[in-house]
Amino acid sequence: MKRHLISAADLSRDDAVLILDTAEEMGRVADRPIKKLPTLRGRTVVNLFFEDSTRTRISFEAAAKRLSADVINFSAKGSSVSKGESLKDTALTLEAMGADAVVIRHHDSGAPHRLATSGWIGGSVVNAGDGTHEHPTQALLDAFTLRRRLGDGPGTDLAGRRVTIVGDILHSRVARSNVHLLSTLGAEVTLVAPPTLVPVRTEQWPCEVSYDLDAQLAKSDAVMMLRVQRERMNAAYFPTEREYARRYGLNGQRMARMPEHSVVMHPGPMNRGMEITAEVADSPRCTAVEQVTNGVSIRMAVLYLLLSGAEPAVTDTSENPAAAPAAAPGPATRTEENA
Amino acid sequence: MSQHKTLIRGAKVLGDRAQDVLIDGATIAEVGQGLDAAGATVVEADGQILLPGLVDLHTHLREPGREDSETVLTGTRAAAVGGFTAVHAMANTFPVADTAGVVEQVWRLGAEAGYCDVQPVGAVTVGLEGKQLAELGAMHESAAGVTVFSDDGKCVHDAVIMRRALEYVKAFDGVVAQHAQEPRLTEGAQMNEGVVSAELGLGGWPAVAEESIIARDVLLAAHVGSRVHICHLSTAGSVEIVRWAKSKGWNVTAEVTPHHLLLTDDLVRSYDPVYKVNPPLRTEADVAALREALADGTIDCVATDHAPHPHEDKDCEWGAAAMGMVGLETALSVVQNTMVDSGLITWNQVAERMSFRPAEIGRLAGQGRPIAAGEPANLTLLDSAYRGQVDPVHFASRSRNTPYRGRDLPGRVTHTFLRGRATVMDGNLT
Ligand SMILES: [Zn+2]
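Respectively, the protein sequence lines represent chains X and R.
The numbering used here puts the first residue of the first sequence at 193, with every later residue one more than the last.
The numbering used here puts the first residue of the second sequence at 340, with every later residue one more than the last.
Quick caveat, the hints were computed from the structure, so don't treat them as lab data.
We put the CB at the ideal spot given by N, CA and C, even for glycine.
Just the calculated beta-carbon pair ranges, DEER-fashion:
| no. | chain 1 | residue 1 | chain 2 | residue 2 | range |
| --- | --- | --- | --- | --- | --- |
| 1 | X | Arg422 | R | Ala498 | 29 to 35 angstroms |
| 2 | X | Glu423 | R | Gly682 | 51 to 57 angstroms |
| 3 | R | Gly682 | X | Arg247 | 56 to 62 angstroms |
Below 20 angstroms or equal to it, Euclidean Cα-Cα: the simulated DMTMM-like pairs (lysine to aspartate or glutamate) are:
| no. | chain 1 | residue 1 | chain 2 | residue 2 |
| --- | --- | --- | --- | --- |
| 4 | X | Lys411 | X | Glu380 |
| 5 | X | Lys280 | R | Asp611 |
| 6 | X | Lys227 | X | Glu253 |
| 7 | X | Lys280 | R | Asp654 |
| 8 | X | Lys280 | R | Glu651 |
| 9 | R | Lys344 | R | Glu383 |
From the derived model, a few chain X residues whose C-beta atoms are all more than 12 angstroms from chain R:
| no. | residue |
| --- | --- |
| 10 | Lys194 |
| 11 | Ser245 |
| 12 | Asp262 |
| 13 | Gly343 |
| 14 | Glu400 |
| 15 | Asn443 |
| 16 | Arg446 |
| 17 | Gly465 |
| 18 | Met466 |
| 19 | Ala470 |
| 20 | Ala480 |
From just these sequences and the hints, can you work out the full model?
Here it is, written out as structure tokens:
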């Protein structure tokens with residue numbers, strides 16, 4: 193793996209599988225009486241949030257703490273009017289504090305890339321969502337959830353699985369990261385949205401684009417519903433909430449046309465009544481809550497792999513050796529799986 | 340006591356055969372072979388290219404208001420280094436150049452600096468707000484003698500205001516230079532809308548936002564019988580519209596920037612704000628169409644859109660960064676690289692596109708004249724064999740926001756003469 197996690201496109205198939213496998217081990221730590229690993233003791237992880245997102249920040253914070261890292265939460269008021277030196281100055285401050293990793297959420301696409309490449313800081317940068325660009329850990333936790341739900345075990349990818357992503361593709365960092373990651377893992381991705389909410393030039397994306405949700409349901413192993421902001425209506429992306437829900441919302445009737453084994457995913461927070469009905473959101477097929485739980489495991493895996501390289505994540509000092517799997521092998525030792 | 344004389348010996352005039360050019364005072368005295376050097380300072384051109392002093396129709400000198408990025412003095416020094424003897428100073432200053440007072444101030448600052456002629460551009464509307472016509476006539480009658488009017492940075496998007504402005508300036512042979520950008524189609528725009536913007540998640544600036552305004556404005560100009568000038572044309576579609584308008588015989592002129600002749604939106608993948616500019620960098624196909632249009636005359640001239648910004652306005656995240664690039668000191672090199680060395684145009688045509696035509700469009704007396712006896716001695720000597728990397732440390736401009744840092748570009752201006760006086764000598768400002 194590279195030193196930073198900026199885009200899901202930076203991950204090879206083996207990198208991604210390694211993260212998912214490591215997250216499986218991390219998930220087992222949560223079942224132990226002591227939920228902490230000493231792995232990142234003495235390391236400092238900064239959560240740098242220029243945009244409010246309590247869910248994502250808490251998830252990263254829990255992940256870092258379970259790895260025994262020192263966590264600093266830095267919430268910067270990001271206003272579009274304020275000059276950009278705020279990011280640079282903040283970065284220089286964090287560098288002076290000795291941050292080993294900076295988890296950044298920013299309203300501008302490209303801000304994490306800039307932080308990682310500008311020379312302002314020396315630590316690892318983890319993109320926790322930038323503008324309408326990417327949100328790679330969300331895609332990883334989605335892939336993780338999918339692999340578990342579809343019954344594929346460690347070491348496997350998502351080859352041949354069909355995933356339909358529905359909603360505001362144009363403004364969605366979750367969609368962009370998922371298109372990259374899921375296709376890297378071998379899944380067939382179809383994006384569904386009204387044409388107004390699809391970028392004008394997606395022909396090079398490794399996915400299909402459809403305007404017809406009903407046509408996709410029967411063949412989907414998973415349907416991922418994206419949050420659609422009601423305010424988009426005011427910019428004429430769609431006429432009314434009611435029409436959006438009717439054409440692109442997932443309700444009980446539509447869910448019934450999905451295959452038995454398939455799941456409904458949502459990155460949250462949900463707009464019930466808009467892109468998803470309560471009936472679907474509360475059904476056992478909906479993985480929204482699991483996704484949150486898995487988010488912590490994935491973020492533990494990412495921080496661990498970025499910060500401690502090939503050292504074993506989980507050692508067998510556990511009280512229950514059976515529950516402690518072998519250490520995750522480093523990326524170099526996994527290449528034989530390419531065969 | 341006679342006036343100061345300079346003899347430029349063995350220069351390829353407009354790229355043709357080597358000749359001597361004798362400057363006497365502010366005027367070209369003689370052009371020919373083996374001219375007498377008696378009493379003259381001799382400049383050994385040794386096969387360098389002699390061009391008429393370059394004329395820029397589109398320069399942001401930033402004074403008054405943003406002297407932290409450029410002043411009339413630093414901007415005109417940069418212009419001289421780039422081989423320019425006249426620049427048109429855009430109106431988007433603080434305060435806006437929308438009154439006779441402000442344009443006269445800028446004009447006076449240019450005259451005092453003495454490095455190149457500064458021809459102020461007047462705003463079309465008060466405060467560039469697009470609502471009420473500025474006192475165009477008063478600016479024309481002022482000492483600054485404004486004939487080019489532009490709300491550059493903003494588009495005159497109201498069709499009625501645009502129509503009136505086009506009609507009104509006919510009274511004194513003025514021209515409206517339009518920054519073609521449909522505002523509603525470009526809300527939140529950060530880069531060219533296309534493959535790269537879709538991938539990067541940056542707000543798109545679609546080609547149609549430029550093309551729809553150009554289409555409207557050439558139709559308006561035809562309807563009211565006015566001339567219109569299109570600033571920094573950037574798309575293949577815009578080229579087609581201008582070509583069509585010219586084929587109708589309508590009075591439409593257009594400019595292209597050096598950066599749109601060379602760079603594409605792929606560079607934005609670095610998220611480095613040095614590539615953030617308005618109109619944005621476009622695609623390979625657009626670049627090809629622009630070069631072809633400049634070669635066949637559909638695009639009349641090259642204009643720099645020199646847009647200085649202080650370091651802190653570019654040393655930040657993309658979304659927070661200012662739009663624009665400096666260009667005066669690299670313009671001729673980029674044109675040599677993209678148009679001459681590639682065989683698309685001759686040096687004679689460079690003179691046409693970087694001096695004669697822009698001076699004619701701006702109705703600028705004494706600039707853009709032939710290199711012949713009796714003409715004003717506004718001249719640029721270019722060492723076209725020079726090869727070197729762009730290093731902004733050496734820029735005369737107060738700002739360093741060049742997209743060419745570290746890039747190999749050909750050609751270097753060795754001498755610039757403004758009415759016979761050397762502003763640049765052996766590559767150095769005098
Ligand atoms: Zn402009």
